[in-house]
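Line by line, the protein sequences are chains B and Z. Heads up: the first sequence begins at 1 in the numbering used here, then just goes up one per residue. Heads up: the second sequence begins at 1 in the numbering used here, then just goes up one per residue.
The set of hints was computed from the structure by calculation and includes no laboratory data. For glycine and all other residues, C-beta sits at the position ideal for the given N, C-alpha and C. Where hints are given, some of them may not hold.
Label pairs and their calculated CB-CB ranges [what the hints assert, rightly or not]:
hint, chain 1, residue 1, chain 2, residue 2, range
1, B, G68, Z, E59, 34 to 40 Å
2, B, T157, Z, E59, 50 to 56 Å
3, Z, K158, B, G68, 29 to 35 Å
4, Z, R297, B, K117, 37 to 43 Å
5, B, T287, Z, V140, 55 to 61 Å
6, Z, A53, B, T430, 25 to 31 Å
7, B, V226, Z, K158, 32 to 38 Å
8, B, T287, Z, L225, 44 to 50 Å
9, B, E114, Z, L187, 36 to 42 Å
10, Z, V140, B, P394, 29 to 35 Å
Chain by chain, the residues:
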Amino acid sequence: MKYGRKTMAILSAILLTASLGLTACGGGDKAKETAGKPEQAQEQKGGTLIFARGGDSTTLDPQNSTEGETTRVTDNIFDTLVQYKKDSTEVEPALATQWESSPDGKTWTFTLRENVKFHDGTEFDANSVKFNFDRMIDKNNEYHVGGNFDYVISQFTAFKGEPGAVIKEVKVLDKNKVQFILNVPQAPFLANVAMPFFAIESPEAIKKHKDKIGQHPVGTGPYKFVEGGWKPNDTITLEKNKEYWKGEPILDKIIFKVIPDNTARLTALKSGEVDLIDGMNPSDAATVEADKNLTLYERPSMNVGYLSFNTEKKPFDNPKVRQALAMAVDKQGLVDAFFAKRGQAATNALPPSIWGYNKELEAKDYKYDLEKAKQLLAEAGYPNGFETDLWAMPVSRPYMPQPQKIAESIQADFAKIGVKTKLVSMEWGTYLKKTKNGEHTMALLGWTGDNGDPDNFLYVLLDKDNAKPPAAQNISLYKNDKVHELLIKAQTTPDQKVREDLYKQAQEIILNDAPMVPFVHSTPVLASSSKVKGYVPHATGSEKLNDVSIEK
Amino acid sequence: MFSYIIRRLLHLIPVLIGMSLVVFAIIHAIPGDPALMILGEHATPGALEALRAKLHLNEPLYQQYFYYMLDILQGDLGESLRTKQAISLEIGSYLTATIELAIAALIFAIVVGVNAGIIAAWKRASWFDYIAMLVALVGVSMPVFWLGLMEQWVFVDKLDLLPSTGRFNPREPVDGITGFYVLDTILTGNWAGLQDVVLHLILPSIALGTIPMAIIARMTRSSMLEVMKSDYIRTARAKGLREFWVVYKHALRNAFAPVLTVIGLQLGSLLGGAILTETIFGWPGVGRYINDAIAFRDYPVVQSGVLVIAFLFVMINLIVDILYAYIDPRIQYK
Numbered sequence: 001m002k003y004g005r006k007t008m009a010i011l012s013a014i015l016l017t018a019s020l021g022l023t024a025c026g027g028g029d030k031a032k033e034t035a036g037k038p039e040q041a042q043e044q045k046g047g048t049l050i051f052a053r054g055g056d057s058t059t060l061d062p063q064n065s066t067e068g069e070t071t072r073v074t075d076n077i078f079d080t081l082v083q084y085k086k087d088s089t090e091v092e093p094a095l096a097t098q099w100e101s102s103p104d105g106k107t108w109t110f111t112l113r114e115n116v117k118f119h120d121g122t123e124f125d126a127n128s129v130k131f132n133f134d135r136m137i138d139k140n141n142e143y144h145v146g147g148n149f150d151y152v153i154s155q156f157t158a159f160k161g162e163p164g165a166v167i168k169e170v171k172v173l174d175k176n177k178v179q180f181i182l183n184v185p186q187a188p189f190l191a192n193v194a195m196p197f198f199a200i201e202s203p204e205a206i207k208k209h210k211d212k213i214g215q216h217p218v219g220t221g222p223y224k225f226v227e228g229g230w231k232p233n234d235t236i237t238l239e240k241n242k243e244y245w246k247g248e249p250i251l252d253k254i255i256f257k258v259i260p261d262n263t264a265r266l267t268a269l270k271s272g273e274v275d276l277i278d279g280m281n282p283s284d285a286a287t288v289e290a291d292k293n294l295t296l297y298e299r300p301s302m303n304v305g306y307l308s309f310n311t312e313k314k315p316f317d318n319p320k321v322r323q324a325l326a327m328a329v330d331k332q333g334l335v336d337a338f339f340a341k342r343g344q345a346a347t348n349a350l351p352p353s354i355w356g357y358n359k360e361l362e363a364k365d366y367k368y369d370l371e372k373a374k375q376l377l378a379e380a381g382y383p384n385g386f387e388t389d390l391w392a393m394p395v396s397r398p399y400m401p402q403p404q405k406i407a408e409s410i411q412a413d414f415a416k417i418g419v420k421t422k423l424v425s426m427e428w429g430t431y432l433k434k435t436k437n438g439e440h441t442m443a444l445l446g447w448t449g450d451n452g453d454p455d456n457f458l459y460v461l462l463d464k465d466n467a468k469p470p471a472a473q474n475i476s477l478y479k480n481d482k483v484h485e486l487l488i489k490a491q492t493t494p495d496q497k498v499r500e501d502l503y504k505q506a507q508e509i510i511l512n513d514a515p516m517v518p519f520v521h522s523t524p525v526l527a528s529s530s531k532v533k534g535y536v537p538h539a540t541g542s543e544k545l546n547d548v549s550i551e552k
Numbered sequence: 001m002f003s004y005i006i007r008r009l010l011h012l013i014p015v016l017i018g019m020s021l022v023v024f025a026i027i028h029a030i031p032g033d034p035a036l037m038i039l040g041e042h043a044t045p046g047a048l049e050a051l052r053a054k055l056h057l058n059e060p061l062y063q064q065y066f067y068y069m070l071d072i073l074q075g076d077l078g079e080s081l082r083t084k085q086a087i088s089l090e091i092g093s094y095l096t097a098t099i100e101l102a103i104a105a106l107i108f109a110i111v112v113g114v115n116a117g118i119i120a121a122w123k124r125a126s127w128f129d130y131i132a133m134l135v136a137l138v139g140v141s142m143p144v145f146w147l148g149l150m151e152q153w154v155f156v157d158k159l160d161l162l163p164s165t166g167r168f169n170p171r172e173p174v175d176g177i178t179g180f181y182v183l184d185t186i187l188t189g190n191w192a193g194l195q196d197v198v199l200h201l202i203l204p205s206i207a208l209g210t211i212p213m214a215i216i217a218r219m220t221r222s223s224m225l226e227v228m229k230s231d232y233i234r235t236a237r238a239k240g241l242r243e244f245w246v247v248y249k250h251a252l253r254n255a256f257a258p259v260l261t262v263i264g265l266q267l268g269s270l271l272g273g274a275i276l277t278e279t280i281f282g283w284p285g286v287g288r289y290i291n292d293a294i295a296f297r298d299y300p301v302v303q304s305g306v307l308v309i310a311f312l313f314v315m316i317n318l319i320v321d322i323l324y325a326y327i328d329p330r331i332q333y334k
């Protein structure tokens, strides 16, 4: 009892002092100093860049990742044989300095860069390339662990020895020459190998860490992973690789920091706690532009948002009806209203950032013209329009930020030409399943590219091979043999100039047939402190940061 | 007292078993094939079958529950589907982050709440009383996320006084020993680090602690008013004791038992409010760990995470009950 009273007195005293203490900590310059500490170095070289993003990486094993938050980090730790150029999806040398394919397109020979070392000091050579690809493509490989190697399936169809597998085997010719033998020619092969998922990891590290390699990444890239530098859901710290083959990176350190809330992330940028942010609300772009301490970036768009017609259902089996409806969609209006002008009206499923884009078609695109649309509808035998359903996605995606409102807007325009639509929505998983099964009439959907190859848009979304329910990616179920012929030829031709021409022809046919109305290529925005120099956002969603610097 | 504690501990066993049953049942009521979820759409039937066998998915539910309990009793909380890491290893750093935040929020709630309540009761019907109770009223109904964003807007954006996100300045990282960074910086004598860590705690703990603070303030006030009317307070005053001691020593001691109960209950809501606070302030805590796991359908993490939180909750209630018995000896537990 006596003791208890004393405790209470002490407790009260603590409460009072603590309350004073807290108030004391709250103010003053000291807080400011810690919050946004200026860098010590006076010159351009060195410094720490804090890159804030919305979510954490799941693993740092690039071969076992399928999501962007991992790639963003691993792109800086690892290199691929070839890589995309800094500002386009064209392929340039990386760990391989040269490459050539055999006339039949089934053999690819890469000449490798010499004197490249992994961060653990081991040497990079043809054997390490073989080791990595064997790990990825061969299910029976002892090191085929730590994940599902999903991208082997999605880019090369199947694992080694399974039906459809693109890669037959990888051969070491000599120390600096490696050869890929394919079962079938694959034109996008080079673009595929440039994907961050096919990065080369240190064989010694893989042998050492086995399925835990995702926590101990070792590559040849511009930055090294700092052991113990991954604080889950918080930060991942990388430090510069002084022996990087392209020359020492400018920054000393890069810290990837997770701040889930978009508004909080922008606040942290403004207060100087972080230097670079992505995943901004499009509506905040204007605030950033108005602030002279900040720089706004637009990531080149590699996506498309579209309205698909089920070409197997009446009346959408009639091209005239589809063309009429295409004229009733006010693309620019949608972009202005729902994308805060961060995006461009689309003509094509293929974004202009990708090679092979047919710019000439922009002039031939369906203009927003309700009168002409009515006229076409009448010609098609529907002078009074018709009734149908319009499916709207239940979730927001970069290419479709407000699907319900976009659907309502399209609905209103269609009503003006007599087409009455009922909006339909359902749970996202069901939505995807039913559209892939061709159960819809008209549906909103979109696509984000993987590798910057036209094939990744046109073949996936519009070839008859992909128009097979219940797993149709081509949810318009659009089947045009001429288009198919062009796309398949483009797929198996190694010469990029020839491919470009084939894709341009295909786009023209598709535009005439109007199986879908592509209406937007949305542009994600990023922001940095204006002290950050040399940052170029890449269309694929991640980039190497070795040329980035921080002033003063 | 001792036997009471033992008895309470024994009572925990059925509670914990019940809890694990509920969590298990909820997770297994969710439709969908976990094996398909793990392996993805490209999985071969053989791989799916092998994984189902490994996860005991083909066996009856009661047997699955048995395996699950067996693992838990061995300290094995399963493996995250997303990161392929043992949950028992992963969850530690998240837990310490959340507990540190909850403690800071609780300190804020108690310090401000109790003092505001006392003064409001002491200076009843004064301007302080009115303002304090108005603040308490607003505080109870203030959504955590809104308060958090407002704090950031005022203290970070406009005044530039405090850091807005994270547990410390990543440019000057703090070494972790225990994972409780306030403690770690003291142990290593890193005073600059301590200051940094405390500054990072201020905004999130105020956001998280405001609702409990408001509730504690109101409870303290009404409890104090009740006690201040009693005879012994009049006696104390009559003895010529200074008013400060009458209030803080004599009255508070008797008014504190109901307040303590409220504090105990509020601890639960602290754990609940943690998800929003952690999201806004980029706090790498267990609330976000579970939240992210739900988004990625990482069922083992959801299952084990909820169980760990529930366990904490039960333990806190136990401690509050014991304290209650200790502070108010009139309460006899048979």
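message: When the structure is checked against the list of hints, which entries are broken? Sort them ascending.
response: 2, 5, 9
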